[in-house]
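Participant: Take a look at the letters that make up each chain.
There are 2 protein chains.
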Amino acid sequence: MTSRDVTRPICIIGLGLIGGSLLRDLAAHGHAVYGFNRSTSGTRKATKEGFEVSNDLVETLRRAEADGALIVLAVPMPAVAGLLDALAEHAPSCGFTDVVSVKAEVYALVKERGMEDRYVGGHPMAGTAESGWSASRAGLFRRAAWVITFDHAVDTEGEVPQEWIELWTDVVRMIIITGAEAIPARVDRHDAAVARISHLPHILAETLAVVGDNGGALAQSLAAGSFRDATRVASTEPELVRAMCETNAPALLTALDEALELLQDARASLASETSDLSELVDAGYRSRVRFDAREGNRSESVSPVKISSRPVLRLHPGGEGWVNQLIQAESLGGRIEVF
Amino acid sequence: MTSRDVTRPICIIGLGLIGGSLLRDLAAHGHAVYGFNRSTSGTRKATKEGFEVSNDLVETLRRAEADGALIVLAVPMPAVAGLLDALAEHAPSCGFTDVVSVKAEVYALVKERGMEDRYVGGHPMAGTAESGWSASRAGLFRRAAWVITFDHAVDTEGEVPQEWIELWTDVVRMIIITGAEAIPARVDRHDAAVARISHLPHILAETLAVVGDNGGALAQSLAAGSFRDATRVASTEPELVRAMCETNAPALLTALDEALELLQDARASLASETSDLSELVDAGYRSRVRFDAREGNRSESVSPVKISSRPVLRLHPGGEGWVNQLIQAESLGGRIEVF
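Top to bottom, those sequences are chains R and Z. So for the first sequence, the working numbering puts the first residue at 3; every next one is plus one. So for the second sequence, the working numbering puts the first residue at 3; every next one is plus one.
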C-alpha cells in the first residue's frame, strides 16, 4: 500500500449508474470493494461479472462494520434517511460518504442523527440519462469534477477529530482512483453552484420542450440541432429531476429569479417599439466564451496529453492552514491533491 | 433536362455559409449556377475552386436578367431592402427567393415594392455557429427542413399568375437538389414556429450562460455536459442572434410569454412549503419524448437507409386543390414533392 491508497476496504450501498461505475473503477484498481444492490437482477448480473455484490443490506453493513470499511451511499435522496438509520444500527463505527446531487438536505439528516464525525459529503458531476447497474461502466468519472465537502472542519474551527481527517483523506484518494478531480466545496456553496449549472438547465429544458411542443407538428418538423441540444435533459426520468430540483429549492429559486429577471427585461425590450436585445445577447455571448476558455483543455483539446484546466492545490489534511487552503480552492473551483 | 430539373440558371447573391453551400450543391449537380460575393477574399477563394463568382453586384444582376435566372438572396436581413431595390433596377423580370430566417419582414419589403408576383420565400433550417464562404460545404442541407412559403397563392385565391407557379416549382426543385426536404408554410406560421424552436432556445441559452457565469469559478468548474449543451448556441455571433430575434419580435413574444408563465408557476411552487414541480417536469418529459418519436429516423436511426420521418405529399403545382394540399402539408409539418 502506498500513501496514495485508500486505507480501508470500500463498501458501496446502491449499484446504479454511479455506485456501479465506482465499484468497477475500484475493482479495476485492485482495491478491496464490495457492495449491496436492492435489485435482484442487478445483483445477479454484477455477481456474474465477478464482483462481490450482496442482496442483503444488513449483512453487507455488518461486514463493513467488521472490517472497518468506508461506506459509500450511492442511493437517491429519498432513500438516504432510512439508510442512515440502518448505518447507525448495523455499522455504527464506519465512516461514510454519499453521492447525492444536493448536499444540504443530506447534511441535515446526518446532523439530526449526530453522525457528523463520520460523514464527508460527495457529489460526482457525471451521469447520463440512463440509470441502473446495466448503465454503469468503468471510467465514467474520468476528468469529471467530484465535489467533496468540508463543513465539519470549518464548523469545529480546526478541532475536528483526527478520525474525520483520515476519513476525509480516504474519500479524496477514492475520488482520485476513479480519475475524477476532487473539488472541495462547502454544502451551501455546492448547492448554490449546482442550482445554476445543473438544476436551472433542467427547468429551462422542460420549459422549452413544452413551448416547442405547443407549436404543433410544423414547429416540431422544423426543429433542428439547437432545439434538440437545448431540450436533451428533458428526457431524464421526471422523478430524478424533481428529486434534484425540489430538494434544492432555495438555491434553485435564487438562480431562477436571476433568469426570470433577464427574461423579463428581454420581454420588455421585445414588446417596445424598438426592440434591442443587445444587453442579454452580448452578456450571454461573453459568458459562454468565458466558459469555453475556462473549460479549455478539459474537453476541447485535441492534444493526446490532457491537462486539467482546473487549478490544483496540494495540501496536507490536518496540517497548518489546511482549512483555509480548502476555502481558497473552493473559491477557484480548484482541484486538490493530498500528501 | 428532366421534369425534376430547375428550368433556369440560378444566381446566388451572397456566398456565406448558406449561399456558398447552395452554390456547391448546385454545381455538383451539374446545374448552371453563378453568384456574387461582397468579400474580395471569398470571391477569390471561390473562383480558385472553379466556381463562377463575381465581385460586381450590378454586373451579376444584369447577367441574371439576360439569362432569366432564378435569383437567391442569401444575405442577412439588414441587406435585403437595398438588394430588392437593386433587383428592381438591374434584374426587373427575374423571379427570386431568399434564405432569411424570419419571413414576415422580408415579405413586407417585397410587398412594399410590389414584387409579390416574382417572389417565393425560403428558409433552410441548417447552419452552424460559423459563417462566411470558408464555412460553406457541399451537403449542408441534406435531410434538413427547407421552408417554402406560399402566401401569394392563398392571397390571390387561386388566381396566382402561371409565372409565379413556375417560379415556385423551380424553388421546390432547387431545394430537392440539395437533399433538403421542402416544407410548405405561410409566412406567419413559419415565424411562429421558428420563434418556438429556434429563437426562444437562443434567448434561454443566453440567459443560462449569464446565470451560470454569475456563479463564479466554482459553478463554472462544476459545469458539465448539460450546461455545455444548453448554452451552446450562446456562442453564436451576437449580431446574428439579435437580427433573428428582434426581427421576429411579435412571434417570439408569444413563445417567451408561454415560457415565462411556466417558469413563474415553477417559481411559485419552489417558493411554497411543499414544492412540487411535477406539472412542469412531467409535461416537459412527455413533450421531449414526443419530439424524439417524431424525429425518429431523421436523426436517430442507425439504419443505412435513412427514411424521412416527415409525411410526404405529392402535388401538382397549379392543379386542382393544390393550395389546400399545401395548407394540409403545413399543418402536418410535411414535406412535398412536385410532379
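Note that these hints are calculated values from the structure, not bench results. Just so you know, not all the hints are guaranteed correct.
[Unchecked claim] Here are some, though not all, of the chain Z residues that point toward chain R, as calculated from beta-carbon distances under 8 Å:
#1 P11
#2 A106
#3 E107
#4 A147
#5 G181
#6 I185
#7 V189
#8 D190
#9 G217
#10 L262
#11 A270
#12 R290
[To be verified] Computed beta-carbon distance windows for the label pairs:
#13 Z:A34 x R:E275: 39 to 49 Å
#14 Z:G141 x R:D267: 36 to 46 Å
#15 Z:G141 x R:R6: 44 to 54 Å
#16 Z:D190 x R:D294: 48 to 58 Å
#17 R:V291 x Z:G134: 12 to 22 Å
#18 R:R145 x Z:R296: 31 to 41 Å
#19 R:E275 x Z:T276: 39 to 49 Å
Values in this document were obtained by computation on a predicted structure and should not be read as measured data. Quick reminder that beta carbons are idealized off the backbone N, C-alpha and C, glycines included.
Participant: Evaluate each hint against the coordinates.
Facilitator: We went through each hint and held it up to the structure:
no. : hint                        : verdict
1   : P11                         : violated, 29 Å
2   : A106                        : violated, 14 Å
3   : E107                        : violated, 12 Å
4   : A147                        : holds, 5 Å
5   : G181                        : violated, 15 Å
6   : I185                        : holds, 6 Å
7   : V189                        : violated, 13 Å
8   : D190                        : violated, 11 Å
9   : G217                        : holds, 4 Å
10  : L262                        : holds, 6 Å
11  : A270                        : violated, 10 Å
12  : R290                        : holds, 4 Å
13  : Z:A34 x R:E275: 39 to 49 Å  : holds, 45 Å
14  : Z:G141 x R:D267: 36 to 46 Å : holds, 40 Å
15  : Z:G141 x R:R6: 44 to 54 Å   : holds, 50 Å
16  : Z:D190 x R:D294: 48 to 58 Å : violated, 37 Å
17  : R:V291 x Z:G134: 12 to 22 Å : holds, 19 Å
18  : R:R145 x Z:R296: 31 to 41 Å : holds, 35 Å
19  : R:E275 x Z:T276: 39 to 49 Å : holds, 43 Å
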